[in-house]
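Protein chains: 2
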Amino acid sequence: MPVQGPSITCSPQQGTTSTDEAFAASAAILGRTAELAAKYVASLAQRPVGKPVSVVQLAAALEEPLPEQGTPPAAAVEEWLSRAEPGIVASAGPRYFGFVIGGTTAAALAGDWLASAIDQNACLWATSPAAVQTELVVMRWLKELFQLPADWVGALTSGTSNAHLIGLAAARQWVGAQLGFDPARDGLSGFEPVPVVCSTATHVSTTKALATLGLGRSTVRQVPAPGGVIDLGALAATLQTIGGPAIVIANAGEVNTGAFDPLDKIADLCQFHPGGAWLHVDGAFGLCARLCDRLAPLVQGVERADSLASDGHKWLNLPYDCGFVFVRNPEALRSAFSADAAYIAPEPDAGWDPTSHMPELSRRFRGLAAWCAIKAYGRIGYRALVERCVGWADEFGRWVQTTRSLELVAPVSLNIVCFRYIRAGLSTVELNALNRAADAALREDGRVFLSSTVWQEKVALRAAFNNWATGPEDLALLKAAVQSVARNLEICND
Amino acid sequence: MPVQGPSITCSPQQGTTSTDEAFAASAAILGRTAELAAKYVASLAQRPVGKPVSVVQLAAALEEPLPEQGTPPAAAVEEWLSRAEPGIVASAGPRYFGFVIGGTTAAALAGDWLASAIDQNACLWATSPAAVQTELVVMRWLKELFQLPADWVGALTSGTSNAHLIGLAAARQWVGAQLGFDPARDGLSGFEPVPVVCSTATHVSTTKALATLGLGRSTVRQVPAPGGVIDLGALAATLQTIGGPAIVIANAGEVNTGAFDPLDKIADLCQFHPGGAWLHVDGAFGLCARLCDRLAPLVQGVERADSLASDGHKWLNLPYDCGFVFVRNPEALRSAFSADAAYIAPEPDAGWDPTSHMPELSRRFRGLAAWCAIKAYGRIGYRALVERCVGWADEFGRWVQTTRSLELVAPVSLNIVCFRYIRAGLSTVELNALNRAADAALREDGRVFLSSTVWQEKVALRAAFNNWATGPEDLALLKAAVQSVARNLEICND
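Those sequence lines, one after another, are chains A and B.
1543 is the number that the working numbering gives the last residue of the first sequence; the numbers go up by one with no jumps.
1543 is the number that the working numbering gives the last residue of the second sequence; the numbers go up by one with no jumps.
Only chain A is shown next, with the shape it has when bound in the complex (with noise of 0.2 Å):
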């Protein structure tokens, strides 16, 4: 005999409700949940962007054994929200300006919100063809918007890691298919390497996706990237050692600076190797260059790469998480992925079929928050977001330029500043500890959040601007708080 009742009950007692009940009861707690999200939202503007908590601190906040009775939902998530308090960081939010990170716009949380309520498996057209085919669309739109080939085919991922992932992957398979082998098929072992050539200034979620792919995090042959620009000379020269066909990676918008490696020079040496080259291409910010005509140049060549990998939650501002990959040689794609069995056969009228693109089944339907802010705000909105974030950098740049205490640690090419505090006087090493201490007093404040690194020895701040609601006060705040930390560490007394 079933258990009766349609619904999760919150404890046994409750006994049993209809379903149009319980879906009416749903509907009352989504009408808390946005409540308790707009209050959130409105609380960007002012609230500090990130304080530092201890793990103690929140572990003590948030651990419990496993709840063996229930709780009423909109309690449940109320509750959390209060708990997690000190360790929400208000990265969404316009005073946000660590790694590259963009906050989500009115228009794309919408469509998120909706997305999960509708919570659609984006993995097939059997599964929803609604998001299927918006998914296309808005593949479409993205190669539109970046003016990409419009053959190209693609695929929405959870981020530029698995973006990579995919695209490395097409890109093994050519190479496989060059060596007279199906690495999808038959495996890496036993068959010659395949090589990837790319520079010491790569991001580390590609080194990510080739540890994934049995190509090896080490096998990898770096050429010198002075300044974070690939040494052409050095690549050209690294190929000619390579008899066979090769993949290379190249840079679009290094993420300590911004740089840029020379896209169309790299796509010469590809296509002149003797053995065929495969360039697969890091955009997962600085792809977006491609929206303004004064920034274009830098992005120029991205066009001829075979695959293309970058980010729609960072400088697009849609919610976490959304990436995109894009592949010139559809065949490569699918045979990497393909996926053939009795219970997910397609339909005779089907339509396309993200799983054979991709390493996942089951998956969001991410689709729609790109397709509700690409309709709200079109070329034009995203245009001048991107415009208005390199401005900020820009203005910001030139002010650490004037400001006594403060130097570039690399020219501001896009929208990240690269900077420290300087003492006349100090070592580098000496340096670098009080910029450490720069930071943790940043941290500290709490009115901005930067994050830091360490370039060409130098540890250093960054501010990467990627937010669309950032605006004049919070440029003003930036400076206000990096000045009172020198002031504070005694840097300067301005």
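No wet-lab data here; the hints were simulated from the structure.
Only a predicted model underlies this, so the values are computations on that prediction, with no experimental measurement involved.
Even for Gly, the Cβ is constructed at its ideal location relative to N, Cα and C.
Treat the hints with care, since some could be wrong.
[Unchecked claim] Among chain B residues calculated to face chain A with C-beta under 10 Å, some are:
| no. | residue |
| --- | --- |
| 1 | Pro-1122 |
| 2 | Ser-1140 |
| 3 | Leu-1457 |
Position chain B against the provided structure of chain A, taking the given hints into account.
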């Protein structure tokens, strides 16, 4: 000079607004989205589950060039809902029995909305202590819920496919270490093959993971699985042909039938294999059998696995996407995915670091939907959900057995009923054609949604019971729809 104005404008004419005004506008858009979502959720009890829609029809509804100008955000969301309507599948509702898809509960949906609104990047302690600590709590709760060893380490993933990828990457590291190399660091080329053994009933998501990892989807040694259950003798014989270490993949819940491999006995074989064997278990939905005393013996031995992949968006009724993986050997997991770069270096007091346990860096805060759902329903609520679903499968299976025009294609062992229409005097080929016609007729009817498969050369229909809201009226409708198709196809005239 920066382009002024903090918000993305819908049209360039709208000019600038202050940050406060921009976030206030967000609140209004969220409120409207909550209304739209609540209306959709309320429709789940009554609306058709999924009517066939052609690619041409849906493309016509959704295709348009990249918008240059924007549209007010709330209008964009509403427009998508109305244009995409024919392609939305009510897979979150109580009459969807296709594949193995669960609909989101109210608490999980509320948590997922909050995750989108606070938009944390759940990749590092530094990007969101709240997200990272909550994921740790959720993983501990999952271990308690499923009675798994407390010291297993794990990750929340986008589904079982990525959970397989992670578990099998750890397995690959372990085998590599036995054979004297580090697969993630060194790659696989030029080293000994990594032997993988599984049954012919292994799910295609596992095969995809093997392809991605460079182990090869076709190099795996498959042993027979009569009735969906691995032939233990054949497994033992295959292991005997492997001198060194091996990876063994076992099923907890075969997708066509819900059948279980004998995990305890497989764990014995692995334990006594001379070269050692890593046991990876696919518990995509079958792991939930562990929640009920009556069903727990089916999964006996899962606690002896070396890695375990499962799903949150299936039977736990979390929104897409959510899966999880656990690994016994923390070093094997971390060596597969460790990432080291100055721009993501952990602070001295930093907590757990998700990115070192998975291929992704940036990622969605999936843990919040899971936290809210487990908090809201508790062990008791989830146990009741699983028991209810198994009860419906049991009742529907018995009805199939007593209905003249139907037969079970496999015994009902969990929550899946695999059955077909029969008519005396028809050949196997004719019965297959009949069932393909019945499948199409059920889709056209639209009151319920079943998926189809081919099981042991028989075309069959599958009803999977996974939804929290399925009630007696839904089961009655399922029977009525199955019967009316039998009448319309003149299979029977009862």
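Satisfaction of the Ser-1140 (chain B) interface hint, Cβ to chain A closer than 10 Å:
Since chain A brings a Cβ to about 6 Å from Ser-1140 (chain B), closer than 10 Å, the hint holds.
Checking hints one by one. Is Leu-1457 (chain B) an interface residue toward chain A, by the C-beta closer than 10 Å rule?
17 Å, violated
Grab the minimum C-beta distance from Pro-1122 (chain B) to chain A and call the hint holds if it beats 10 Å, violated otherwise.
3 Å, holds
In summary, the structure is inconsistent with hint 3 from the numbered list given earlier, while agreeing with all the others.
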